[in-house]
Amino acid sequence: MMKKLTRKQFWIVGLMLFSLFFGAGNLIFPPMLGKLAGTSMYLSMFAFGITAVVLPVLGVIAVAKSNGLSAMCRKVSPWFATLFTLVIYLAVGPLMGIPRAATVPYEIGLAPNIPPESQGWSLFLFSCVFFALTYWLSLNPARIADRIGKILSPALLLLMLGLFVCSLINPIADYLPAQGRYQTNPIASGFLEGYMTMDAAGALVFGLVIAMVIQNFKITDKKEVLRTSVNVGVLAGGLLFIIYLMLAHIGATTTALFPDTTNGAQILHLASNHMFGKLGAYLVASIFTLACLTTCVGLVSSLAQYFTSWTGKFGYRVWVSVWTLCSLLIANFGLDQILSYSVPVLSVIYPIALVLILLSLADSLFGGRKLVYQLSIYTTGAVSLIHVLTEQGFSLSYLSKAVQCFPFSSVHLGWLLPAFLAFSLGCLCTLVQKSYLAKSPARNKSIKP
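Residue numbers (my numbering): 1 to 449.
In short, the hints are calculated from the structure, not lab data.
Idealized CB from N, CA, C, for every residue including glycine.
Treat the hints loosely; a few may be bogus.
Lysine-lysine pairs mimicking DSS-like chemistry, simulated, CA-CA at most 27 Å apart [claimed, not checked]:
#, residue 1, residue 2
1, Lys434, Lys65
2, Lys8, Lys223
3, Lys313, Lys4
4, Lys401, Lys75
5, Lys222, Lys434
6, Lys3, Lys223
7, Lys75, Lys370
8, Lys222, Lys75
9, Lys222, Lys4
10, Lys223, Lys75
11, Lys278, Lys75
Simulated restraints on C-beta separations [what the hints assert, rightly or not]:
#, residue 1, residue 2, range
12, Cys405, Leu279, 37 to 47 Å
13, Gln374, Val234, 47 to 57 Å
14, Arg181, Gln392, 38 to 48 Å
15, Cys405, Leu133, 44 to 54 Å
16, Val230, Leu133, 24 to 34 Å
17, Ala71, Leu431, 33 to 43 Å
18, Leu431, Lys218, 38 to 48 Å
19, Ser77, Ser122, 18 to 28 Å
20, Leu43, Phe333, 32 to 42 Å
21, Tyr42, Gln392, 28 to 38 Å
22, Ser77, Pro344, 35 to 45 Å
When you get a sec, could you build the whole thing from the sequences and use the hints?
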């Protein structure tokens, strides 16, 4: 009889995946969306859920189906597999994801209470303690599911639930009309906000971790690993969306009372202070620290496993030390510096990640033809790169003008139509080629004596 996860094991793995996804960006962006979207919050959250919930879950499934990110990328080309896998791991890891996750708890819990002249040293001391914990929790990947799924995830969910229930019992204010871009484009704005969570890119990293954790429970059948990954992904995605709605609701109720807030971290800090007084700051700091710690553990573990396998040099513990130290150094540049270069980088790699996930899941529909992958991926990457370079002030003459003419370019989604056209062209070429090959034997037979 085929071995399956017990109900307890299933919940442990599901909660682990939820915690791996739920980091700094997941706490910051929904409250700000709620504040700006106001009465259009539910419409914007639907679009936010596509890029911040549905596509990450599909990413986990795609990676489990393909047996790893590198295998997915090899369907495009060998050089792309090496380059894009490295870019994804480094972007969601030591260059952006991990340092951002480490600095957010500090900015919310400690920085407001520390004089500006002492914040450099205090950030260094906080990050040293934070990464010491990350290092210790990452050392034994076999126990990550137990440590995160049994302890950290339930604690995080209880803290979040407590904050939300109190916001219902003691409402801050009513929703106000939408503001800014949410007034004119609530769906596109919500869709783009989901980019910033980095979860679709993170799914390409976490997918293999989840598959390995499932296999650690002595499940060896590939179909059962894939089926379990799908179910675990649905559970984690459902929990994520519920938490996002809670956070967006809290943000939407703060607009009237705290109109000058500029990010979701400030919103949660002020909202918790309003509901709990001084204890609110400690509550928010605990939520942020737990959320960011679990994400960092998952990312460091994934990085170490990948580089141990890819390079064949050094051991898992050495790579854990390398990436923990690199993340510690970059985290001390501060949150603002990290965020300043995150947006343009994500605007290039996120569309590529989304298209790669969808192609991997629809692989059987076009026979996994390399031409379809190449046309779709290269077109998406080129359009996204041109758009970002144009926004950063680089003049690319006719290329910039051409990209700006694409539909939805004004809302940073100009890659959608080119990607669809490239995919259609690849499928058409595949059909023509198959038709030609099908006729060739008959032609050859007809000319034989």
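Which of the numbered hints above does this structure break?
Numbers 3, 4, 5, 11, 12, 13, 14, 17, 19, 22 - these are the hints that the structure violates, sorted from lowest upward.
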